[in-house]
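Trainee: If you read the sequence shown in UniProt numbering, its first letter stands for residue 1, the second for the next number, and so on.
Misleading hints may appear alongside valid ones.
[What the hints assert, rightly or not] Below, a list of computed lysine-lysine pairs in the DSS-like style, where the Cα atoms sit at most 30 Å apart:
id	residue 1	residue 2
1	K222	K203
2	K84	K203
3	K203	K70
4	K65	K28
5	K203	K28
6	K222	K28
7	K202	K84
8	K3	K65
9	K52	K70
10	K65	K84
11	K3	K52
12	K203	K52
13	K28	K84
14	K222	K70
15	K222	K65
16	K3	K28
17	K84	K70
18	K52	K28
19	K52	K84
20	K3	K203
21	K222	K3
[As the list claims (entries may be wrong)] Derived CB-CB ranges, DEER-like:
id	residue 1	residue 2	range
22	E137	S55	36 to 42 Å
23	D206	P58	39 to 45 Å
24	S199	N127	25 to 31 Å
None of these hints come from the bench; they were simulated from the model. Source: prediction; values computed, not measured. All C-beta atoms, glycine included, are put in the ideal place defined by N, C-alpha and C.
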Amino acid sequence: MNKVRLEILGLSASHTSHGSFALVLGEKHGNRRLPIIIGMFEAQAIALEIEKISSNRPMTHDLFKSFALKLGASINHIQISNLKEGVFFADIHIITAEGEEIVLDSRPSDAVAIGIRFNAPIYVFENIMEEAGIQVEELEQDEMDHIDDELEEEDDDELEIEDFEGIEDEEDEAEVADTTPVVSDSDSIATLSVDQLNSLLKKAIDNEDYMKAAEIRDEISKRG
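Please construct the entire structure, taking both the sequences and the accompanying hints into account.
Mentor: Shown next, in the form of structure tokens:
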């Protein structure tokens with residue numbers, strides 16, 4: 001089964017559901033995006049590692065890393081392995097000290113949070129990317145330069161570590177592509193036609209609102 005290499009593009013806070021974030025994964029050699037809705041605790045764990053910020057005490061994923069290293073194990077890669085009824089599944093591929101490969105079932109958020117602590121590559125099967133991936137139009141070079149200039153001048157919309165302050169408990173929620181209704185012009189997406197949803201999806205992608213795009217994408221998928 002063909003695999004697609006992914007990289008972490010960022011985290012996006014939900015404007016419709018408190019405590020939810022979109023983990024945005026991007027095709028390493030392409031322009032497709034795979035947003036996965038995750039919980040606040042896991043988003044914090046990923047953000048802290050991306051920013052290379054150490055917590056006062058080891059978090060769950062840091063503890064897993066310490067435990068694995070003490071046993072001489074390492075993470076070979078992370079695999080987004082399945083998508084059932086809007087819920088993503090992942091596998092953590094571990095290499096033991098004896099060279100044996102062990103595969104652990106995991107939520108994508110935990111798998112990614114652990115994987116980045118080992119600099120492990122992330123993959124998704126092509127059929128999942130085709131089903132749940134969002135196509136982003138390739139920009140011309142001058143447009144990219146213009147965006148880079150704007151990002152250098154203004155970073156107010158960047159997700160800050162402070163956004164995760166006050167987290168106490170790890171939530172045991174499944175990573176889903178659609179859990180929160182999106183409202184547009186006072187209408188739930190469930191009441192919109194497929195053409196209207198496609199227009200709304202394009203707008204969300206253009207605005208890089210991957211949380212909303214994921215919700216609309218799955219509403220379209222539900223209709224066959």
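Trainee: Run every hint past the structure and note whether it holds.
Mentor: Comparing the hints with the structure gives:
1. K222 <-> K203: Between K222 and K203 the Cα gap is close to 20 Å, so the pair holds against 30 Å.
2. K84 <-> K203: holds (26 Å)
3. K203 <-> K70: violated (48 Å)
4. K65 <-> K28: holds (25 Å)
5. K203 <-> K28: Holds: K203 and K28 sit about 23 Å apart, inside 30 Å.
6. K222 <-> K28: holds (28 Å)
7. K202 <-> K84: holds (24 Å)
8. K3 <-> K65: holds (25 Å)
9. K52 <-> K70: Roughly 21 Å between the alpha carbons, so the hint for K52 and K70 holds.
10. K65 <-> K84: holds (29 Å)
11. K3 <-> K52: Holds. K3 to K52 sits at ~28 Å (cutoff 30 Å).
12. K203 <-> K52: violated (33 Å)
13. K28 <-> K84: Since the Cα atoms of K28 and K84 sit roughly 24 Å apart, the hinted pair holds (cutoff 30 Å).
14. K222 <-> K70: violated (46 Å)
15. K222 <-> K65: With a Cα-Cα distance of about 38 Å, the restraint between K222 and K65 is violated, given a limit of 30 Å.
16. K3 <-> K28: holds (11 Å)
17. K84 <-> K70: violated (35 Å)
18. K52 <-> K28: Roughly 22 Å separates the two Cα atoms, so the pair holds.
19. K52 <-> K84: violated (33 Å)
20. K3 <-> K203: holds (29 Å)
21. K222 <-> K3: holds (25 Å)
22. E137 <-> S55: 36 to 42 Å: Given about 39 Å between the Cβ atoms, the range holds.
23. D206 <-> P58: 39 to 45 Å: Given a distance of about 40 Å, which is inside 39 to 45 Å, the answer is holds.
24. S199 <-> N127: 25 to 31 Å: Roughly 26 Å apart at Cβ, these two residues keep to the hinted range, so it holds.
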